[in-house]
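Letter by letter, the chains look like this.
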Amino acid sequence: MAASHSDAGPETTTDSEDAVSLRDVRKTYYLGEPVHALDGVSLSIHRGSYTAVMGPSGSGKSTLLNLIGCLDTASEGQVFVNGKEVSALSERDRTRVRGDEIGFVFQTFNLMPKLTAAENVALPLVFQGVSRSKRKSHAESVLDEVGLGDRTGHRPNELSGGQRQRVAIARALVTDPAIILADEPTGNLDSETGRQIMGLFQRLHDEGNTILMVTHERHIAEHAERVIHVLDGTIERIEEIESPRRVEIEAF
Amino acid sequence: MEFLESVRLSWRAIRSHKLRSVLTTLGIIIGVGAVITFVTLGASLQADILGQVGAERTPNVYVWSGPEGQNAGPGAGAQPVFTERDLTELRNVAGVSAVVPRGIVPTAAVSSGGDTVAQRQVIATSPASFDSATFVSGRAFEQGEREVVLNEQAARLFESQATVGDEVTLRLASGESADAEVVGLLNSSSGGGPFEGFDSQPLVFVPTDPFYDTTIESPATGETQRVYPTVTVVANDFGAVAEVQESVRAYLADESDAASLAPGDYEFSVRTDQDLVDQLEELLDTLTNFVTGIAVISLVVGSIGIANIMLVSVTERTREIGIMKAVGAQNRDVLQLFLLEAVMLGVLGAVAGTPVGVLGAYAAAEYIGLSLVFPLEWFAIAVGVGVLVGVLAGLYPAWNAARTDPIDALRYE
Ligand SMILES: Nc1ncnc2c1ncn2[C@@H]1O[C@H](COP(=O)(O)OP(=O)(O)OP(=O)(O)O)[C@@H](O)[C@H]1O
Ligand SMILES: [Mg+2]
Chain A
1 MAASHSDAGP
11 ETTTDSEDAV
21 SLRDVRKTYY
31 LGEPVHALDG
41 VSLSIHRGSY
51 TAVMGPSGSG
61 KSTLLNLIGC
71 LDTASEGQVF
81 VNGKEVSALS
91 ERDRTRVRGD
101 EIGFVFQTFN
111 LMPKLTAAEN
121 VALPLVFQGV
131 SRSKRKSHAE
141 SVLDEVGLGD
151 RTGHRPNELS
161 GGQRQRVAIA
171 RALVTDPAII
181 LADEPTGNLD
191 SETGRQIMGL
201 FQRLHDEGNT
211 ILMVTHERHI
221 AEHAERVIHV
231 LDGTIERIEE
241 IESPRRVEIE
251 AF
Chain B
1 MEFLESVRLS
11 WRAIRSHKLR
21 SVLTTLGIII
31 GVGAVITFVT
41 LGASLQADIL
51 GQVGAERTPN
61 VYVWSGPEGQ
71 NAGPGAGAQP
81 VFTERDLTEL
91 RNVAGVSAVV
101 PRGIVPTAAV
111 SSGGDTVAQR
121 QVIATSPASF
131 DSATFVSGRA
141 FEQGEREVVL
151 NEQAARLFES
161 QATVGDEVTL
171 RLASGESADA
181 EVVGLLNSSS
191 GGGPFEGFDS
201 QPLVFVPTDP
211 FYDTTIESPA
221 TGETQRVYPT
231 VTVVANDFGA
241 VAEVQESVRA
251 YLADESDAAS
261 LAPGDYEFSV
271 RTDQDLVDQL
281 EELLDTLTNF
291 VTGIAVISLV
301 VGSIGIANIM
311 LVSVTERTRE
321 IGIMKAVGAQ
331 NRDVLQLFLL
341 EAVMLGVLGA
351 VAGTPVGVLG
361 AYAAAEYIGL
371 SLVFPLEWFA
381 IAVGVGVLVG
391 VLAGLYPAWN
401 AARTDPIDAL
411 RYE
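Protein chains in written order, with the numbering used here: chain A, 1 to 252; chain B, 1 to 413.
Don't take every hint at face value.
Some chain B residues flagged as far from chain A (calculated, every beta-carbon gap over 10 angstroms) [to be verified]:
id, residue
1, E5
2, L19
3, N92
4, F130
5, V136
6, N187
7, S260
8, E281
9, L284
10, I407
Here are some of the chain B residues that sit facing chain A, going by a computed Cβ distance under 8 angstroms [what the hints assert, rightly or not]:
id, residue
11, M1
12, E2
13, R12
14, S16
15, K18
16, I104
17, P106
18, A108
19, I323
20, A326
21, V327
22, A329
23, N331
24, D333
Label-pair restraints from in silico Cβ distances [said to hold, decoys possible]:
id, chain 1, residue 1, chain 2, residue 2, range
25, B, I368, A, N157, 36 to 42 angstroms
26, B, V300, A, S44, 58 to 64 angstroms
27, B, D408, A, S44, 25 to 31 angstroms
28, A, D93, B, L388, 29 to 35 angstroms
29, A, R132, B, L283, 55 to 61 angstroms
30, A, R132, B, L359, 47 to 53 angstroms
31, B, L311, A, E76, 32 to 38 angstroms
Hints listed in this document are in silico derivations from the structure and should not be mistaken for laboratory results. As the structure is a prediction and not an experimental result, all values here were calculated from the model. Idealized CB from N, CA, C, for every residue including glycine.
Could you build all of it, start to finish, from the sequences and the hints given here?
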């Protein structure tokens, strides 16, 4: 863990067991009258845990994920990622956290349309300065893991929705991040492909990664150890899943 | 991010919008090409004209009287004001080796061997105006003899090529005719000096006596004398030129017949060879700069094209910028990508524009009949400006792209 703030006061320190922790976080958009997308959220996510976030549309799930993913900053309160307070970081360091410590799977994939699957997956490595040949072999092996070993040269528009989703997941995994954030990773998938993605997440969780996943679907959420129910920008309740669903591990 | 990787990604972005990139580059190609064409033509023209003027300077001082404030060529607007008495006085000035008068005898035509060609004027001068080295054959005419000297261009006017010994008949503007013998042919490259202009036109020279009959009563002596519009004063050597120029000026200013004969608003021009060359050079420089200026404007237009395309490109790829930043691209990576793209378009345009410009200059020079002189330093300048234009035009859009907030960029539709 680099760059910790040694001068931070007691209320800004965080349990080193926590991969992510939020202290009374608010995110307000001012469009005429203020919209409280998040309205006082406090939360701790332990290292190596598997958490799902549920809630109705517009309740603030994506906003929460974006704050944790260092894509956005809170209006009030503090967000800690791997012990670092995000709003105290320089833009440069925030970008570094985003690139090195977090893997983000977007609801809308967000793939580069003109790059091939392998190039898309390798993109985060480009900005880390990894050499071309290493990038290529690494990206191909991750694509292989998500079952797309035979589609490395395809562009996003030459792939099915589920395949694109898997490319997006592969890109999130390629930097080997400690924290994986996924916004509706199965939203666009048929139940079989969704099951396969859950299998992949289960393996990542078993390997010790921290996973935070937004979903609409109860049966998807039940793969996690914990479900956070969000309503109108606040945490309504936190539900512990006694025995999370398991997927029969199989190759794609 | 590695520089080479940036180059690769930027190059891809350029290639994925082929038509747009080509059109953008075209602006720079035309700009750089135009600058190179015009600058090359300017340099070639300058070299050509100054070459005709002659690499070797003569210790001559050219004297004429023309309308005040007019900065035209030698002899422009000259009135016949220099009397024989003035010539004699000028010959006595210290450092002067010869004084050569020059007058115009208006003619209608010149005939030789039964062939008549139109010729508006012949030039009356003294034998001292010829340099023996410039004769292809024959010699200078002698004063008081019915003899003419032609340059090769004039000799070629006649079907049977006038040669030394031929008889020619000058049909004067007054309607009279005068016969004379051709005694000398001047080579085609020796022009008639600055008063005749430097282009190679046919020239016919005759001795002032007996052909030149413009006369006036000398205010100083009261005698009726020949009077000339232009005079060449030859100094003993180059060292004497400046002094002779001063003395000639001083003489003309007060004692001369010319001073009293010249119209009130006329002034004397007393120019050395070098003065004339300098003036010509200055004129050509002005011309070249003017045309180059126009070409530079097209470069600027080209740069606005690049800036415009880059701005469109940034807007269009807002989402891609968002994605790159979301997966760890630093501001400077994005800046580098977009700046490189602009620079590559600039370099591409400059590199492609150079041969286009050279080709343009070549075609134009061929058409005009100039031999090309390449001002290589200008090539470097044109290419440099092309690249600079790329950087400047790309700077703002690239900076804009780099500043884009990732979350806003990802939301951009
Ligand atoms: N950029 C923005 N400007 C203004 N309001 C915003 C902006 N982004 C989100 N909001 C508002 O914040 C609230 C929470 O949005 P958010 O995207 O977090 O919802 P969500 O829970 O992810 O919904 P869904 O399940 O539909 O994806 C919404 O009411 C939305 O209108
Ligand atoms: Mg959402």
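We went through each hint and held it up to the structure:
Its beta-carbon lying about 6 angstroms from the closest one in chain A, E5(B) breaks the requirement of being farther than 10 angstroms from that chain. Against the 10 angstroms criterion, L19(B) stays outside the reach of chain A, whose nearest CB is about 16 angstroms from its own CB. Separation of N92(B) from chain A is adequate, the least Cβ-Cβ distance of about 88 angstroms exceeding the 10 angstroms criterion. Non-interface call for F130(B) relative to chain A: holds, since the shortest CB-CB distance, roughly 77 angstroms, exceeds 10 angstroms.
Residue placement check: V136(B) keeps its beta carbon more than 10 angstroms from all beta carbons of chain A (closest about 73 angstroms). Once the 10 angstroms rule is applied to beta carbons, N187(B) is consistent with being away from chain A; the minimum gap is 69 angstroms. Distance check on S260(B): its Cβ is at least 87 angstroms (rounded) from any Cβ of chain A, clearing the 10 angstroms threshold; non-interface status holds. For E281(B), the shortest C-beta to C-beta distance to chain A comes to about 55 angstroms, beyond the 10 angstroms cut-off, and the non-interface label holds.
L284(B), annotated as away from the interface, keeps every beta carbon of chain A farther than 10 angstroms; the closest lies near 52 angstroms. A Cβ of chain A approaches the Cβ of I407(B) within 10 angstroms, the least distance being about 5 angstroms, so the stated non-interface status is violated. A hinted interface residue such as M1(B) counts as satisfied when its beta carbon comes closer than 8 angstroms to some beta carbon of chain A; here the least separation is about 5 angstroms, so the hint holds. Checking E2(B) against chain A: minimum C-beta separation of about 6 angstroms stays under 8 angstroms; hint holds.
Interface hint status for R12(B): upheld, as the beta-carbon distance to the closest one in chain A is roughly 7 angstroms, under 8 angstroms. Because the smallest distance between the Cβ of S16(B) and any Cβ of chain A comes to about 5 angstroms, under 8 angstroms, the interface hint for this residue holds. The interface hint given for K18(B) is broken, as the beta carbon of that residue sits about 13 angstroms from the closest beta carbon of chain A, more than 8 angstroms. Hint status for I104(B) relative to chain A: violated, with the closest Cβ pair at about 76 angstroms, above 8 angstroms.
At a threshold of 8 angstroms, the smallest CB-CB gap from P106(B) to chain A is about 79 angstroms, leaving the interface hint violated. This hint is violated: A108(B) has a C-beta 79 angstroms from the nearest C-beta of chain A, more than the 8 angstroms allowed. The beta carbon of I323(B) comes within 5 angstroms of a beta carbon in chain A, closer than 8 angstroms, and the hint placing it at the interface holds. Proximity of A326(B) to chain A holds as hinted, the smallest CB-CB distance being about 6 angstroms (cut-off 8 angstroms).
For the restraint placing V327(B) at the interface with chain A, the shortest Cβ-Cβ distance is roughly 4 angstroms, inside the 8 angstroms limit, so the hint holds. Satisfaction of the interface hint for A329(B) is found here, the shortest Cβ-Cβ separation to chain A being roughly 5 angstroms, below the 8 angstroms cut-off. This hint holds: N331(B) has a C-beta 7 angstroms from the nearest C-beta of chain A, less than the 8 angstroms allowed. Checking D333(B) against chain A by beta carbon gives a least distance of about 6 angstroms; that is within 8 angstroms, so the hint holds.
Checked against the given bound of 36 to 42 angstroms, the beta carbons of I368(B) and N157(A), roughly 55 angstroms apart, lie outside it. For the pair V300(B) and S44(A), the beta carbons lie near 59 angstroms from each other, so the given range of 58 to 64 angstroms is met. For the pair D408(B) and S44(A), the supplied restraint of 25 to 31 angstroms holds, since their beta-carbon distance comes to about 29 angstroms. One distance hint, 29 to 35 angstroms for the beta-carbon pair D93(A) and L388(B), holds here, with the actual separation near 34 angstroms.
For R132(A) paired with L283(B), a C-beta distance near 59 angstroms keeps the hint of 55 to 61 angstroms intact. For R132(A) and L359(B), the Cβ-Cβ distance of about 39 angstroms falls outside the hinted range of 47 to 53 angstroms, so the restraint is violated. A beta carbon spacing of about 36 angstroms between L311(B) and E76(A) agrees with the range 32 to 38 angstroms that was offered as a hint.
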